[in-house]
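Enquirer: Below, each chain spelled out in residue letters.
Number of protein chains: 2
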Amino acid sequence: MSKELTSRAVDYSQWYNDLVIKGELADYSAVRGCMVIKPYGYALWENMRDQLDKMFKATGHVNAYFPLFVPKSLFEAEEKNAEGFAKECAVVTHYRLKNDPNNKGKLMVDPEAKLEEELVIRPTSEAIIWNTYKDWIQSYRDLPILVNQWANVVRWEMRTRLFLRTAEFLWQEGHTAHATQEEAVEETKKMLDVYSEFVEEYMAVPVIKGVKTENERFAGAVDTYCIEALMQDGKALQAGTSHFLGQNFAKAFNVQFLNKENKQEYVWATSWGVSTRLIGALIMAHSDDQGLILPPRIAPLQVVIVPIYKGEESKAVIDAKANAIMDELKAMGIRVKYDNNDNARPGWKFAEYELKGVPVRIAMGLRDIENNVVELARRDTKEKASVSTQGLGAYVKSLLEDMQQNIFNRALNFRNENIREANTWEEFVSILDNNAGFVSAHWDGTGETEEKIKEMTKATIRCIPLHNKQEEGKCILTGNPSAQRVLFARAY
Amino acid sequence: MSKELTSRAVDYSQWYNDLVIKGELADYSAVRGCMVIKPYGYALWENMRDQLDKMFKATGHVNAYFPLFVPKSLFEAEEKNAEGFAKECAVVTHYRLKNDPNNKGKLMVDPEAKLEEELVIRPTSEAIIWNTYKDWIQSYRDLPILVNQWANVVRWEMRTRLFLRTAEFLWQEGHTAHATQEEAVEETKKMLDVYSEFVEEYMAVPVIKGVKTENERFAGAVDTYCIEALMQDGKALQAGTSHFLGQNFAKAFNVQFLNKENKQEYVWATSWGVSTRLIGALIMAHSDDQGLILPPRIAPLQVVIVPIYKGEESKAVIDAKANAIMDELKAMGIRVKYDNNDNARPGWKFAEYELKGVPVRIAMGLRDIENNVVELARRDTKEKASVSTQGLGAYVKSLLEDMQQNIFNRALNFRNENIREANTWEEFVSILDNNAGFVSAHWDGTGETEEKIKEMTKATIRCIPLHNKQEEGKCILTGNPSAQRVLFARAY
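Protein chains in written order, with our numbering: chain A, 10 to 501; chain B, 10 to 501.
Please note that the accuracy of each hint is not assured.
For identical chains, the list gives no copy identity; a pair is met inside one copy or between any two copies.
[Said to hold, decoys possible] The calculated DSSO-like cross-link candidates involving lysine-lysine, where the alpha carbons are at most 27 Å apart (straight line), are: (1) 358 / 66; (2) 63 / 346; (3) 63 / 339; (4) 143 / 358; (5) 123 / 96; (6) 330 / 123; (7) 107 / 123; (8) 113 / 89; (9) 123 / 113; (10) 63 / 406; (11) 12 / 31; (12) 63 / 393.
Just so you know, the hints here were simulated from the structure itself, not pulled from any lab data.
Kindly generate the complete structure, drawing on both the sequences and the hints.
Expert: Structure representation (structure tokens):
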């Protein structure tokens with residue numbers, strides 16, 4: 010298989026698919042819309058998951074696990090939530106296969122093993138979890154409940170794309186229960202901050218925090234907060250959401266508690282989630298035509314050492330030096346690999362690790378060793394330098410931090426350059442068609458206008474930014490009065 | 010809810026259920042046969058998972074993720090495997106719900122959204138994975154593939170029990186591909202060793218390594234290796250299995266590779282798994298009528314500090330000292346909690362942490378502080394001692410290791426005392442009915458005899474121990490010649 014990628018300029022969408030597949034992050038599977046996450050992609054996910062998990066625990070959350078299945082009668086209990094997800098539910102109707110009498114060696118669904126009640130495969134777990142919380146909560150002493158779940162969920166999407174939109178995906182979903190509205194709102198915002206910190210500081214992707222309009226809200230939420238990122242093609246990507254659910258689920262599942270005043274009250278709820286979709290965001294925010302660019306903090310491999318040798322003798326010398334460098338880097342907590350595989354030439358390896366987005370490549374030959382240097386190439390800028398082996402560990406450690414910052418700054422500059430104000434409909438359309446990115450514009454606040462703009466331009470309101478400047482203006486479509494600008498974009 | 014447990018002597022099975030539920034490890038859910046793993050149970054699973062994952066990676070394995078769904082046509086490709094699991098498959102037949110026209114506010118399965126091909130929810134992933142490996146493997150250079158997956162699986166069991174047998178459970182499944190039979194057999198045994206090391210050294214549960222008879226083999230395997238543990242009620246529990254799959258799956262999915270001699274050959278396979286069932290084994294191997302006994306190495310909480318005070322003033326003094334001890338223990342990597350919750354009395358807390366199986370309890374009052382001591386109680390023996398606060402961290406660290414060893418030794422002695430030889434049918438039946446445990450007896454090697462013994466006594470052959478002594482004898486049932494004893498037991 011050729012390792013060459015389609016360039017972004019030629020076909021951005023094909024470039025993305027090439028990169029996911031040739032970079033060995035994921036692949037299509039035999040199941041429509043489902044992907045296989047390959048070891049390299051999964052290692053990336055593990056690093057992201059472990060960091061997020063640490064941050065959830067540092068903010069007082071614990072993990073638990075709830076069933077994959079939601080009985081239909083529970084699924085439909087919160088009507089808006091049910092309505093929002095009904096069209097994309099995989100449904101289990103039978104619990105047994107049997108031999109097909111007309112087809113030797115084949116199986117068929119056993120019609121006698123039909124479930125009395127169908128089971129929906131969780132597209133999200135509010136229903137099954139709030140049905141459980143009913144048993145956990147009697148008094149204010151049982152609150153808050155701060156639970157997170159790492160799980161797979163299924164949403165039967167018609168158009169799927171690796172990582173960005175798959176029928177099954179991996180995610181975490183936090184589900185918290187509180188005694189007061191204030192506390193629940195605070196939790197919603199706190200988790201948005203955790204997401205924003207994670208995505209910016211670990212994934213090096215700058216985000217805008219905001220709140221969704223009613224049209225774009227999570228089905229069943231009172232308010233949906235979000236972080237929005239910008240991809241290199243100028244399209245936005247929702248990178249995480251945190252929902253204030255009010256008492257909607259508590260009412261649907263009759264979850265009440267005795268408050269401090271000895272009165273029964275419905276419990277206040279939040280839920281929040283990020284998924285393997287983030288990997289799609291990571292790829293599209295940073296990578297180039299040669300391959301992935303991974304931020305060092307979450308890269309599965311941070312440094313690769315490639316020997317340049319002719320003959321066994323020089324190989325032995327280089328092996329010894331490379332292993333010493335490996336030990337030095339490992340002792341500093343750096344994830345490093347020495348690739349002295351004989352079956353591939355250095356040039357092939359260079360291209361391979363560039364494709365895989367390994368942040369730092371160290372190449373070394375006999376002459377380098379004699380001169381006490383190595384050739385060091387950084388993936389983000391492709392700069393190469395001859396670096397002394399004296400203090401190499403500290404040098405690399407600091408370089409990795411610089412690269413993390415550089416990758417973030419680059420994405421931040423791009424994002425900031427691609428937020429444009431539009432004050433007329435013509436400006437609005439022209440920006441979308443010529444530059445894409447975020448368009449900051451006045452909107453009259455109605456769902457109808459929002460819907461019309463979407464139909465006409467495919468742009469949606471990504472969010473109303475938090476702490477948004479209040480400013481008199483006129484809606485770009487209707488001319489009706491508006492009190493603030495909102496952020497529009499075409500989005501993934 | 011009363012925290013009292015049914016005693017083991019009165020009803021072992023009820024004791025187990027009480028312990029799982031009142032110990033807050035898991036609970037029943039609204040879905041038949043599925044459980045909710047509560048935060049305390051999940052924290053235990055996380056510790057087990059993280060240690061196993063470390064051991065898998067140390068032996069060269071990487072993680073990946075494959076789809077939850079197996080299309081029926083793939084599921085049935087390896088006939089024995091399909092036959093073995095067909096009767097317990099949850100099947101997805103539809104991908105959409107719609108409003109029920111006859112039932113306002115309710116949903117129904119949309120008959121127009123029927124899948125062309127049904128999807129089985131993975132009961133195990135050989136089929137979907139080997140169908141994928143076909144694309145990953147061309148030559149011997151692509152081998153070995155050493156992949157593991159952490160996932161949920163579904164087996165629609167008729168009789169379920171918390172942790173021990175649930176319709177959905179969490180597990181890991183390793184799926185490796187090799188160029189030679191020798192290498193695959195070696196991998197199968199290596200992973201059995203990893204399991205045995207983990208279960209003995211971390212869970213403190215002694216196991217017997219062996220190989221299954223044909224009747225008890227994994228559906229689709231050439232050989233199934235297992236580790237068998239003994240519970241306190243004398244029943245055995247299969248704690249992990251490692252399968253040598255031969256070329257069965259490679260043939261079913263046509264996975265061939267070009268070997269070093271430039272010939273096409275079918276790939277050799279293994280698979281191996283342990284699940285949340287291990288938590289059931291852990292509970293039943295160690296716990297007592299007062300609650301859980303958890304081995305320190307995997308206990309979510311290793312030490313709890315309980316203050317004994319009257320009045321705010323003495324509380325402040327104790328808080329200060331307790332926090333200093335907390336810091337000392339945490340610095341040594343000990344998982345410790347200070348429970349100074351005002352709403353519960355010390356006696357209630359003592360019972361609660363006993364129930365939860367926290368290995369070490371430290372109680373301290375004002376007089377203890379004046380004397381520079383604390384009261385330290387160990388959960389395994391219930392011994393209490395007054396211990397100097399000087400060097401407390403080191404004392405506790407070493408005590409935790411002692412307890413780990415003591416818990417293992419206790420279980421080992423019990424296990425060894427409960428392996429008995431039977432040389433006649435009468436002896437065999439008498440041991441099973443009076444003492445239970447493992448019965449070491451001669452068997453004529455036929456599946457029919459094995460089946461008859463099972464029907465008559467409910468005892469199955471747990472395994473043929475590895476490195477089994479070869480010894481002439483006569484089958485306890487048929488009197489036919491036998492070359493070795495095998496281990497029988499009634500089992501979970």
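Enquirer: Against each hint, give a clear statement of whether it holds in the structure.
Expert: Verification of the supplied hints:
| no. | hint | verdict |
| --- | --- | --- |
| 1 | 358 / 66 | between (39 Å within a copy, 24 Å between copies) |
| 2 | 63 / 346 | both (26 Å within a copy, 18 Å between copies) |
| 3 | 63 / 339 | both (22 Å within a copy, 17 Å between copies) |
| 4 | 143 / 358 | between (57 Å within a copy, 25 Å between copies) |
| 5 | 123 / 96 | both (22 Å within a copy, 13 Å between copies) |
| 6 | 330 / 123 | neither (66 Å within a copy, 62 Å between copies) |
| 7 | 107 / 123 | both (13 Å within a copy, 19 Å between copies) |
| 8 | 113 / 89 | between (46 Å within a copy, 14 Å between copies) |
| 9 | 123 / 113 | both (23 Å within a copy, 24 Å between copies) |
| 10 | 63 / 406 | both (22 Å within a copy, 24 Å between copies) |
| 11 | 12 / 31 | within (6 Å within a copy, 56 Å between copies) |
| 12 | 63 / 393 | neither (35 Å within a copy, 35 Å between copies) |
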